[in-house]
Amino acid sequence: MRISTFFYTLKQGIVNIFRNKWFSLASIATISSCLFLFGLFYTVIANFQYIIKTAEGEMSVTAFLQEDATQEQIDQLGEMIRSRPEVSEADFISDEQAWAEWAPENIGEDYMDIYAENPFEGMNSYEIYMNDVEQQQSLVDWLQSLPDVSEVHYSEVTATTLTGVNAIVAYVSVGIIVILLLVSIFLINNTVIIGISVRRQEIEIMKGIGATDFFVRSPFVIEGIVIGLIGSVIPLTAIYFIYIEVINYVGIQFPALTGLLQFLPVKDVYRLLLPLSLGIGAGIGFLGSFITVRKHLRV
Amino acid sequence: MGPFEKKRKKKRDSHDAIMLENVTKSYSKGVPALDGVSITVKKGEFVFIVGDSGSGKSTLIRLLMRELTPTSGRVVVQGMDVGRLKHRQVPRFRRNIGIVFQDFRLLSDRNVYENVAFAQRIVQTPAKEIRKNVTNALTVVGLAGKYKAKTNQLSGGEQQRVAVARALVNNPPILLADEPTGNLDPKNSWDIMQLLKRINEEMGTTIIVVTHNREIVNAMQKRVITIKKGVVISDEEKGGYIDED
Numbered sequence: 001m002r003i004s005t006f007f008y009t010l011k012q013g014i015v016n017i018f019r020n021k022w023f024s025l026a027s028i029a030t031i032s033s034c035l036f037l038f039g040l041f042y043t044v045i046a047n048f049q050y051i052i053k054t055a056e057g058e059m060s061v062t063a064f065l066q067e068d069a070t071q072e073q074i075d076q077l078g079e080m081i082r083s084r085p086e087v088s089e090a091d092f093i094s095d096e097q098a099w100a101e102w103a104p105e106n107i108g109e110d111y112m113d114i115y116a117e118n119p120f121e122g123m124n125s126y127e128i129y130m131n132d133v134e135q136q137q138s139l140v141d142w143l144q145s146l147p148d149v150s151e152v153h154y155s156e157v158t159a160t161t162l163t164g165v166n167a168i169v170a171y172v173s174v175g176i177i178v179i180l181l182l183v184s185i186f187l188i189n190n191t192v193i194i195g196i197s198v199r200r201q202e203i204e205i206m207k208g209i210g211a212t213d214f215f216v217r218s219p220f221v222i223e224g225i226v227i228g229l230i231g232s233v234i235p236l237t238a239i240y241f242i243y244i245e246v247i248n249y250v251g252i253q254f255p256a257l258t259g260l261l262q263f264l265p266v267k268d269v270y271r272l273l274l275p276l277s278l279g280i281g282a283g284i285g286f287l288g289s290f291i292t293v294r295k296h297l298r299v
Numbered sequence: 001m002g003p004f005e006k007k008r009k010k011k012r013d014s015h016d017a018i019m020l021e022n023v024t025k026s027y028s029k030g031v032p033a034l035d036g037v038s039i040t041v042k043k044g045e046f047v048f049i050v051g052d053s054g055s056g057k058s059t060l061i062r063l064l065m066r067e068l069t070p071t072s073g074r075v076v077v078q079g080m081d082v083g084r085l086k087h088r089q090v091p092r093f094r095r096n097i098g099i100v101f102q103d104f105r106l107l108s109d110r111n112v113y114e115n116v117a118f119a120q121r122i123v124q125t126p127a128k129e130i131r132k133n134v135t136n137a138l139t140v141v142g143l144a145g146k147y148k149a150k151t152n153q154l155s156g157g158e159q160q161r162v163a164v165a166r167a168l169v170n171n172p173p174i175l176l177a178d179e180p181t182g183n184l185d186p187k188n189s190w191d192i193m194q195l196l197k198r199i200n201e202e203m204g205t206t207i208i209v210v211t212h213n214r215e216i217v218n219a220m221q222k223r224v225i226t227i228k229k230g231v232v233i234s235d236e237e238k239g240g241y242i243d244e245d
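Heads up: the protein sequence lines correspond to chains Y and Z, in order.
Heads up, the first sequence is in the numbering used here, so the first residue is 1 and it goes up one at a time.
Heads up, the second sequence is in the numbering used here, so the first residue is 1 and it goes up one at a time.
Pulled out of the complex, with its shape left as it was, chain Y reads as follows (with noise of 0.2 Å):
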């Protein structure tokens, strides 16, 4: 292809988009729509997860260590706790530390005078932190296994809950996005349609002068590219500029809630959104174009 035509090719693509403004438009609507909700629903599931992921990161696993066990017995665990893949942390908890955090909190600050001696003597514990609460039960059953360990105290309700809830999230998400593309995918076909039917005497032209099947098509592929890059420009400025006022009011009028919500920054709600978008856009709108001029391509 030379130089020349390339350019040609690129301008009347462009150009294409301000020819038929009306069908650009209501294309670059569809496409907006589409995208819009699709980013507004992963925003939400995005979140979602991250608050539950949050709650994952708080649930911990206790356990007691016996009595006897020396301090090298104690580093020894520590370090064999700390080496497994779904821990993330392992905190050593003394029995003095642990009286000295619960006591205040349950009893009041004059727990000393009320209590001579440390309840909690001999309960040295390791307070253990996973990655996935999905594997919770494995490492409770390993714990437990130890000779250095008395007792494992965890919430087995808990992390059922968290794994179903995680579960059906994601399933459900994967459901909600797969039919919000097949509309979009829906609309776009018939929009795209209906722009080419307007053009099909222009393609017929083309052919008809001898021009290739690549020549007749790259315009039209072109044009579908941007529309669909700015099809899912404008739902992504909108949705970054909702999120952002949303968590605003959200921190101004709820200021409850921020303590046990944890919403997710934009720019991590962006890292993935963002190409995902731009790509799904310029998908559809190579996909629509291309398989649409297609069926009028054999002339």
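Quick caveat, the hints were computed from the structure, so don't treat them as lab data.
Hints should not be assumed to be uniformly reliable.
Claimed, not checked - Computed cross-link-like contacts, DMTMM-like style, restricted to lysine to aspartate or glutamate with a CA-CA straight-line distance of at most 25 Å:
| hint | chain 1 | residue 1 | chain 2 | residue 2 |
| --- | --- | --- | --- | --- |
| 1 | Y | K295 | Z | D103 |
| 2 | Y | K11 | Z | E114 |
| 3 | Y | K21 | Z | E114 |
| 4 | Z | K86 | Y | D213 |
| 5 | Y | K21 | Z | D109 |
| 6 | Z | K150 | Y | E204 |
| 7 | Y | K11 | Y | E204 |
| 8 | Y | K11 | Z | E129 |
| 9 | Y | K295 | Z | E129 |
| 10 | Y | K295 | Z | E67 |
| 11 | Z | K148 | Z | E201 |
| 12 | Y | K11 | Z | D109 |
Mind docking chain Z on chain Y? Use the hints.
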């Protein structure tokens, strides 16, 4: 040029522009649209193809353009057997034929210059040559002064001239005109025919005109092939429009 190339060029030059050999085209189980048609058009000829609606003229044009392939027989254009062309070879083949339609088929959103240049861009002519060739083609059809005009600002006759310029600009050996005067008044019709005649005489382009226009066919005194119900019923040098009633 070596002897082999000379021989090959001579062989290519000696081809008839168009040759239909016992061509039949059936769309379904009904009566064939063309039935055993054999026509030969020499290079540089000017030929009218006449016939009523449904006589098979459109099918003939679509066969020549390779929009259709024959059910049986051979269609050979510029030495190429049209029925044997692969889909990817069709664009290059069509560059041998300039086509003019009854309804002009111009791009209404582009000006005169762009409509003609469009045909050059399709065949990837270098940008510098496009300007020269388009200007020449517009000069031939007498519209060099209106190159900036939008096509919907032109009269029917002028629009058809633009279509002729577009068909000519790639310098095809054959120009096919499908009812070129169908949408024009008698004066413009006559002017377009004179233009085609001039192109035929001065540029040596083979011209095939499919038409209903009795007056023009009779006045031009060119070869006339008459088709009726898919069969060639007459083929006369300096013929006239045959009344079928």
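Evaluated hints:
1. K295(Y) / D103(Z): Within the cut-off at roughly 24 Å; holds.
2. K11(Y) / E114(Z): holds (13 Å)
3. K21(Y) / E114(Z): holds (20 Å)
4. K86(Z) / D213(Y): holds (13 Å)
5. K21(Y) / D109(Z): holds (12 Å)
6. K150(Z) / E204(Y): Given pair K150(Z), E204(Y) holds - Cα atoms ~20 Å apart, limit 25 Å.
7. K11(Y) / E204(Y): The given pair, whose Cα atoms are some 20 Å apart, holds under the 25 Å limit.
8. K11(Y) / E129(Z): holds (19 Å)
9. K295(Y) / E129(Z): Between K295(Y) and E129(Z) the Cα gap is close to 33 Å, so the pair fails against 25 Å, i.e. violated.
10. K295(Y) / E67(Z): holds (15 Å)
11. K148(Z) / E201(Z): Judged against 25 Å, a Cα distance of about 29 Å means the pair is violated.
12. K11(Y) / D109(Z): holds (15 Å)
Hint violations for this structure: numbers 9, 11, all remaining hints satisfied.
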